[in-house]
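Please construct the entire structure, taking both the sequences and the accompanying hints into account.
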Amino acid sequence: MIRRKAKTSGQPPGTMVFTGEKKVENVRITVLEYSESFSKEREVQSIEECVPEKKKSSVYWINVDGLHDIRLIEDLGDRFGLHPLVLEDIVNIDQRPKVDEFEEYLFVVLKMITYRNDAGKIDTEQVSLVLGNNFVISFQEREGDVFGQIRERIHMAKGRIRKMGADYLAYSLVDAIVDHYFEVLEKTGEQLESLEEELLSNPRPETSARIHGIKRDLISLRKSVWPLREIIGNLERGESGIMKSATLVFLRDVYDHTIQVIDTLETYRDTISGLLDVYLSSISNRMNEVMKVLTIIATIFIPLTFIAGIYGMNFQRMPELGWRWGYFAVLIVMGCIGAVMVIFFKKKRWL
Amino acid sequence: MIRRKAKTSGQPPGTMVFTGEKKVENVRITVLEYSESFSKEREVQSIEECVPEKKKSSVYWINVDGLHDIRLIEDLGDRFGLHPLVLEDIVNIDQRPKVDEFEEYLFVVLKMITYRNDAGKIDTEQVSLVLGNNFVISFQEREGDVFGQIRERIHMAKGRIRKMGADYLAYSLVDAIVDHYFEVLEKTGEQLESLEEELLSNPRPETSARIHGIKRDLISLRKSVWPLREIIGNLERGESGIMKSATLVFLRDVYDHTIQVIDTLETYRDTISGLLDVYLSSISNRMNEVMKVLTIIATIFIPLTFIAGIYGMNFQRMPELGWRWGYFAVLIVMGCIGAVMVIFFKKKRWL
Amino acid sequence: MIRRKAKTSGQPPGTMVFTGEKKVENVRITVLEYSESFSKEREVQSIEECVPEKKKSSVYWINVDGLHDIRLIEDLGDRFGLHPLVLEDIVNIDQRPKVDEFEEYLFVVLKMITYRNDAGKIDTEQVSLVLGNNFVISFQEREGDVFGQIRERIHMAKGRIRKMGADYLAYSLVDAIVDHYFEVLEKTGEQLESLEEELLSNPRPETSARIHGIKRDLISLRKSVWPLREIIGNLERGESGIMKSATLVFLRDVYDHTIQVIDTLETYRDTISGLLDVYLSSISNRMNEVMKVLTIIATIFIPLTFIAGIYGMNFQRMPELGWRWGYFAVLIVMGCIGAVMVIFFKKKRWL
Amino acid sequence: MIRRKAKTSGQPPGTMVFTGEKKVENVRITVLEYSESFSKEREVQSIEECVPEKKKSSVYWINVDGLHDIRLIEDLGDRFGLHPLVLEDIVNIDQRPKVDEFEEYLFVVLKMITYRNDAGKIDTEQVSLVLGNNFVISFQEREGDVFGQIRERIHMAKGRIRKMGADYLAYSLVDAIVDHYFEVLEKTGEQLESLEEELLSNPRPETSARIHGIKRDLISLRKSVWPLREIIGNLERGESGIMKSATLVFLRDVYDHTIQVIDTLETYRDTISGLLDVYLSSISNRMNEVMKVLTIIATIFIPLTFIAGIYGMNFQRMPELGWRWGYFAVLIVMGCIGAVMVIFFKKKRWL
Amino acid sequence: MIRRKAKTSGQPPGTMVFTGEKKVENVRITVLEYSESFSKEREVQSIEECVPEKKKSSVYWINVDGLHDIRLIEDLGDRFGLHPLVLEDIVNIDQRPKVDEFEEYLFVVLKMITYRNDAGKIDTEQVSLVLGNNFVISFQEREGDVFGQIRERIHMAKGRIRKMGADYLAYSLVDAIVDHYFEVLEKTGEQLESLEEELLSNPRPETSARIHGIKRDLISLRKSVWPLREIIGNLERGESGIMKSATLVFLRDVYDHTIQVIDTLETYRDTISGLLDVYLSSISNRMNEVMKVLTIIATIFIPLTFIAGIYGMNFQRMPELGWRWGYFAVLIVMGCIGAVMVIFFKKKRWL
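Chains as they are written, first to last, in the working numbering: chain A, 1 to 351; chain B, 1 to 351; chain C, 1 to 351; chain D, 1 to 351; chain E, 1 to 351.
Calculated from the structure, these hints are not laboratory results. Keep in mind that the hints are not guaranteed to be accurate.
Which copy is meant is left open, so a pair is good if it fits within one copy or across any two.
[To be verified] Derived DSS-like pairs: lysine-lysine, alpha-carbon spacing no greater than 27 angstroms straight-line:
| no. | residue 1 | residue 2 |
| --- | --- | --- |
| 1 | K348 | K22 |
| 2 | K158 | K346 |
| 3 | K244 | K40 |
| 4 | K348 | K292 |
In structure tokens, the structure reads:
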């Protein structure tokens, strides 16, 4: 993360440096225009096409996939009057989630999180939103997002989305992103459960690396999620009037979800640190068991071997050797010593 | 928990999706109407029957057991003018405990916790309350609750409940839920004590899993209890006027109880982490003991066996072998070495 | 603690249930009346006798030992106009320390802590205070308290107590309780020191249980002490005017003491967790030492025994066996190997 | 750090004691004067040369490399009317980062951090800034800084720097320092990753020292970074009017960066403590593995050696010795015992 | 600490009990009177001599060494109109550092910390300051303090001290005490460094006790230092007007120093807890190493000894024994087994 941030170090503020990897060949811009009575989506080639006309009744959602074309984003910034620092933040994909309030628009940076089943790991993509009076511009690193259902709702006029303004659209985008966190948390929760089962049935040396892996995922999730709380809180209290009061009750709802995500994250953190304790004590218990086996065998046989060693000595004068029942007496003595040891271990509950 | 939440991801806000398992066959609605002079309870079949008439004097308590019938709850919402987000939260049983204030009513989500003796584990059920001017609607996942004594008090006109309004009824329900937490904590406290005894007398490998189990129970209790504090605080400060000042002193009382529940939970957490330390050090002590036995036996007999080995060699010229008292001399030497070892271990306090 | 609280679960608020064990046979009520010019103490049989007359000049201190007589306390509550919730809290001895402000009186719940030398453990007793304009009522679970010196000061007119009002008396009682915490902390401090000495000179398996025991004491002390800070802060800021400004400077003093108690408790907690670390590392060190002894003995003698074993074989053709100095040569080789081992261990600093 | 601070102990406040090591031979003072239309940099020999003239239009940046010449800095202080405590703080290089607001100027102390590739460690240098109406004075311990690009921007008139005042210059300096933290964090992040790889593939005893080393770096970074947040917050809220509102939006940007640095630091701390856990459990796992090998070998061969020992005894009457197939029978028995052991270990999953 | 506090338990507030040990034979009172034009120091025998005359121009510094003479301090209190609780706090040397504001004076309690090189430990002494309009009274437990340089500055008229009032003197005393903390921290820092070196080069069992010792020092330092922050903050915000505004800027300076002391303390705490981890893992590594040596030796020689044991058996019919090259074949087989073992260990990187 930080690695890429370092690229921009020393540049004057407002310098746009794309800090990510180029994930799409061409930047793709789509404009979705809708009002209560209609909706229309089109892909545009130039910036001019996407500037909203002054008729107030429709809402424009301009979506930009791909951030590497600095010049294009600069153009967009000029058209919509965005501050240079905003543009810098859009292309710097290591931004911390935040909201900045300007007179004419709100600027929100979020992290969109998806769980990639194939790679078995969590993918983070930066989404920036600019919310103006009758438009929302969304910037993503690549195509593919979690907004499919919102597009559908707009086209099908499902729910109240077509009846409300750009602020409700922005809310819906934030809500979709936050909702997606639950899916990622669900995956992590499943991993935790399978890890727990593994731990209790068959802990292995690799388990510690798995615990560490999940811990790291949680740490990085935390970094994306905690600032969200502040962001949505700020949006709710916002003074610019861009967020209309009808939308506020919905923001409160997404705020509750954020708290729930954070709660779950913290619970997972507690759980995983508990699992580590279980793991460590299971290692110790195993060691104990190994030691016990060794100790029992050694403690029984070392003295017996010693006795055998004595009668294996070649002294010319060892009276016992000539006794008629000497051999059997020694065997019996050995048996007794072994039995005593076994009883001793039974008493100590090692057997 | 989170698993079920993920079901609703991507839906427009206000979409009602029941996220639990269907625990009752039919939704059961009972209406308990009472005023200072009378009380009447009846089961109703349709929503129409349960809407309070405009005569202000009685209080209506409408209880709904079973949340899977979305249409029915939607109807209820229409009749009482509930916000779509409220309805969504009622059927989404993975809600975080919270209070939402609307102009005409208060909406409270709580977790009802019961200890199931048969399964030996804690059961959580979501209870939602809607408190209006002269009615309380309570939603539960299934039949069976902790409100039996409140019903009895209403029917028998015990205490002041019949003399006070719907806000006092709502308070009583919250109080009953919080009071029940003490019973669950008592069970957990007993488990802790038995665990502690087991630890001090006979720690076993399974103990670590038990410690972890209690820890997990505490973590999930925490998630239900902490938000309570905030909820009751909000009710106390509420500006809507639905909570009347006569009820506030009682809210302060239930607030104190909540703090006490939280205090106890935190104490238990501290205790259990202390128990883990005791457990880990007891494992180490056991290992030490095992090692000592092994070391003592090995250290005494290995050198002796070596000596026996020497005189077991078949060299043709080993003068000692021909000595008259050679065998006995060797035995005595061996005895001395053994005695020295024992003294050494005594000095080291290993024996 | 919680166990007893669960008894009252489900009762209507204000229901008085004595949650403790009956520690005295009969409830004993004493009234100490004093003004600047006189003091008089008497034991009363009925509630009527203890109600202060309307002459403002004297202060009444009514002390109740024993809480199991619900009816009596209810009577008292009636006479003095106490709220039902106050009465409930008085007999529920698992109350969290707190202060409640009413128009006519203040209600304070505290924990009186004493160290019982015979049992070697800490005893907690709940003390409730009701402070009115010219009276203080104190409720205790049993006879015997830490207020002896206050009674003496009243009777002997020592200090300023006879010159000041009921609020100063209440302050004095709180101060006596807080001062007593220092004695308990002193005991705990002594235990900590002896534990530390034991740890450094001769750690034993039981030590871990002792550490855990002190930790538990500290946890339960914490539960009694932390709320105190809040309580005294509230008293200082109190708006009811029952606490007069002349007493406030003394409250500030007792506040300082509370902070000091809390500071000391936290220091003890830090210390004990440090002791646990010392203990755990001493176990590990011991294990190391045991292992070293075993390893040294085994490493020296196992190879030697092997050599002896070789020449103990019965092959018909083993040239060395016939050599004239073979035996002595082998002995010398063995000596050399042993010496090399010893040097090796010296170099590794195991010897 | 503290060591050097102790030098000044006991001096009257305002006494200037240079607490660092002399890192440059001669103090070097450069003055960079610029306005929108021009820029001019010169090295000056005396203080007189560097005092700005009263023409308001240009901004003066006076940079002082080397702090050991107390008299010179005192002179400078006199000319610019700096408070004695400010001068003391400038030469005391163990200052905590802070901002002090005076009527005529702001005084900021920061830590400039650079990663020295050759030594493989982090270098901290104190930078003090005095921001007046039309000048900035910067004090550094030695030549070489992170301000190269700012000088270039001024000379080349890149960005808006030439159009704005001294406050923007001060902001730029702070921004350059904060930006540099990312480079240091990047290095640390790389070390963390290589450490993690090492841990998972081949943990060694030295690894614990490396973990500790990074931890210490993080601790000392923390000390420099945390106060930054407060500093920039104070600058933003500053009442002196020296920071103009046009610069505030940039301060907000650098504030965001600071938060990001802190976030990353805390993430690294969490990660490193996770790595320690992995390391400790890997040690334990290794020990387990070592113990298993020993136990398997010993448990198989000690009983077999005992049997061999029995038939090595020299009793005159040992019937088995005369049996025709005795030797082979014993070999078979031994093979069976060995096989049973191996099966036993397989079942225990030690093999 | 607490032990001595318990002495005063149960006394009426304002009772003076000296809780320390008597460290000086006679109480020694010195009065230092100075104004801008002169300074005069004298030792006085009676309280009368030390009361300032009503001429406002000079500042009086009354220093009292020795606190056991209760009567004398009471006299002093009477003369200067000090509150009984102040006098109680002066002689109770286990006071928590604090500031109390009265109308006519400020009362400050501080801990003066010195590192005693001979005993190798930290010494804490309580210093109480009473700051009036034109006087400062300082109370110390014994002679010898850290104020030498202040006396010198007054006599030599160094710095601004003679030109300013009693509040500046009080500030100077506080500053001297805080400055001294740096010297103690320096010592602790040196100990930490030597401990770290010891740990990395040659950890010993005693090291854990040393770590614990430093930890305890840090804990007790914390107790003295943390309240300081609050104290100086309170002085700065003080409403009594005794602290004049010219002194406030200096208070801010000493406040910064306090923060720095606290920062350093916390850094040390983090460092020492890191050292403990290093220590514990070094113990584990050592154990690993010990185990490896044992395992290697045992694993190589136990099987070989078994083989030797086989051919040491006395069966009459053991064909190998008669083979011509049997002995050498066995030796070669043994050599091979040994070699295989060594290769195995090499592969496992145990060698």
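Hints versus structure:
| no. | hint | result |
| --- | --- | --- |
| 1 | K348 - K22 | neither (67 angstroms within a copy, 44 angstroms between copies) |
| 2 | K158 - K346 | neither (73 angstroms within a copy, 62 angstroms between copies) |
| 3 | K244 - K40 | within (24 angstroms within a copy, 45 angstroms between copies) |
| 4 | K348 - K292 | both (11 angstroms within a copy, 13 angstroms between copies) |
Checked against the numbered hints given earlier, this structure breaks hints 1 and 2; the rest are met.
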